[in-house]
Amino acid sequence: MNPTDPSNTTDPNGDDAREMRIGELINEFFDRRQRGESLSEDAFLEQYPDFAEELREHLGGLDLLRGLGSSGDATRVAGPAPGRGSSGHDPFEPPSAPLPEIPGYQILKQIGRGGMGIVYKAIQLSTKRVVALKLLLEGPLAAEHSRRRFEREIALAAQLRHPNIIPIYDSGTASGRMYYAMEHVFGLPLTDYLRAHALDAAAKLRLFVKLAEPVGHAHMRGVIHRDLKPSNILIDGNGEPHILDFGLAKAGSLIDSTTSITAQIVGTPAYMSPEQASGDPNGIDTRVDVYALGVVLYEMLTDRMPYDTNVAMGKILHNIAHAEPTPPQKVNSKLDADLSAIVMKALEKRREDRYQSVDAFAGDVKRYLAGEPITAKPASTMYLLKKVAWKHRTVVGISAGLIVIATAMLLTINHFSRQLKEKAVRLEQQAVEVNQSREALAKKQQEVERLAREQEEARRAYQLAKASMPPEMQKIFDTVVTAGASGTGRPEEIGIKLVAEALTNQLVGSSSETPSFKKAPYDPREPSMSRRPDVANRADESSMTKDQILSEIMRLAGAFVNAPGDAPTSQPATTQPAEPNNQPTVGGKSSTEPPAAPEEPS
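Numbering-wise, the sequence shown is residues -17 to 584 according to our numbering.
Don't read these hints as lab results, they were simulated from the structure.
One or more of the hints may lead you astray.
What the hints assert, rightly or not - Here are the simulated DSBU-like pairs of lysine-lysine, each with C-alpha atoms no more than 35 angstroms apart in a straight line:
hint	residue 1	residue 2
1	Lys405	Lys425
2	Lys425	Lys403
3	Lys91	Lys110
4	Lys448	Lys403
5	Lys312	Lys186
6	Lys327	Lys348
7	Lys403	Lys327
8	Lys186	Lys405
9	Lys186	Lys297
10	Lys359	Lys297
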């Protein structure tokens, strides 16, 4: 930021000039009445008809103030509107008016004006340094009490040594005009500085702590400023605040009854404390500066005043004395409850409820910035724990991170443990199923082994049976088994056919000749003949071919197989091997008797 003169900090518009003129007229009114003039309000207002309406409103507010308890002291009006810088333009002095001459100084230009004096930029010739030279107003406005106030400002400022309090280098009187030279600060009034810089809440609080320190320093030396406001706080190019204008300051024997609280009504009522608004000069102590700094901090954080200042003077004074300000947290949602509580404590109506010193006020702000518990709020256990955690947030953050990691690890372990348990249960179930499958498999294996043994036994029986058969029967047996295994026919039919062929071959021999059978004489003594006369009858037939014999044998065998219920109960005769004499067998029964002799012809 390029340092600027205070004259460049405020737009010298018509409203500022009019307000300043009203302040001067009110000062004039009370000065004339204090000098003993019999001057009524109406008579005074007739002299200034262009300002009559505003003067009547402000004078009515002063009457209300006196009704609240004013001691009747003289009234002084000073300074521009709240939050505004001092105008470097003097609207009531001709622009071409010559600059005053002060021995030892070269006056360069006017840079500011207040209700009591005019400030010039000048060079101190003995030191060649740039200074701000403040001269008391001339003429009827420079009343005796203004001179005493000017002297008090010089005396109080001269005894204060602090880097943030603008020091006084020199003072004196030239051509009947009182003056003093002070350090020239290139900077902006507080409100203008905040508008030009986008500071966050923490930066504003750090700046507030800096500007509160010189006020506390003044209090330690018995000096009460009583007119703290943004226009009396300059911020230089390095961001350092500087307190100026101790014109209303109060200290010990330097108290002047003519500098009562009404001296700052016009233009600065919003920064007055309730006890100042009540008009009780005996109630003024360092806590009025605590309240004023509370208003300043409220404005810094919310960019507005605690009360509506765009109303009549009487309403402003009533609000200060009785109305509760809106908590900063409700005006600016970015502010938290602790910071809002700090500001509200500084703005308490009863001075006993406020911070009892500016240092206590600034200390609470420091504690807030450090994350420590504040005194403006009841210290509950939970609140203290939260603040301790915030103060040690790095350690708490690391601890919290470790706790989160440990919790995550624990949850992960529990998760995997649960999965392992579920897997173990599944494996156990699978093991049971496997055991059951093994048991079933063992049973099947036993069954297979049993079937294999039975098959082996059947095979051995088959081999034994086959080995005991004649070669012709082995062939028949193999053929029947093969046919049954291949499914080419019914084994019993094939077997019957093969056996029939074998019997036929035994009966007829291997010759293709057709055998002839002669009729044997009927012998009733022959059992077979007596039981089966049909055999004898068939034997009696002239002759049978090989095919006829085969067909007959198959018919008889088929009838025997297909109708087992009609079969004889006795075991069927077994075919015996043919004798060497090749005697035929009939009906499956071997004939043991020799063939009958041929019948002699008759």
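For each hint, the structure was consulted:
1. Lys405 - Lys425: The hint holds at about 29 angstroms.
2. Lys425 - Lys403: holds, 33 angstroms
3. Lys91 - Lys110: holds, 16 angstroms
4. Lys448 - Lys403: The given pair, whose Cα atoms are some 65 angstroms apart, is violated under the 35 angstroms limit.
5. Lys312 - Lys186: holds, 18 angstroms
6. Lys327 - Lys348: holds, 15 angstroms
7. Lys403 - Lys327: violated, 61 angstroms
8. Lys186 - Lys405: violated, 62 angstroms
9. Lys186 - Lys297: Holds, because 30 angstroms separates the two Cα atoms, which is no more than 35 angstroms.
10. Lys359 - Lys297: holds, 31 angstroms
Going through the hint list in order, the structure does not satisfy hints 4, 7, 8.
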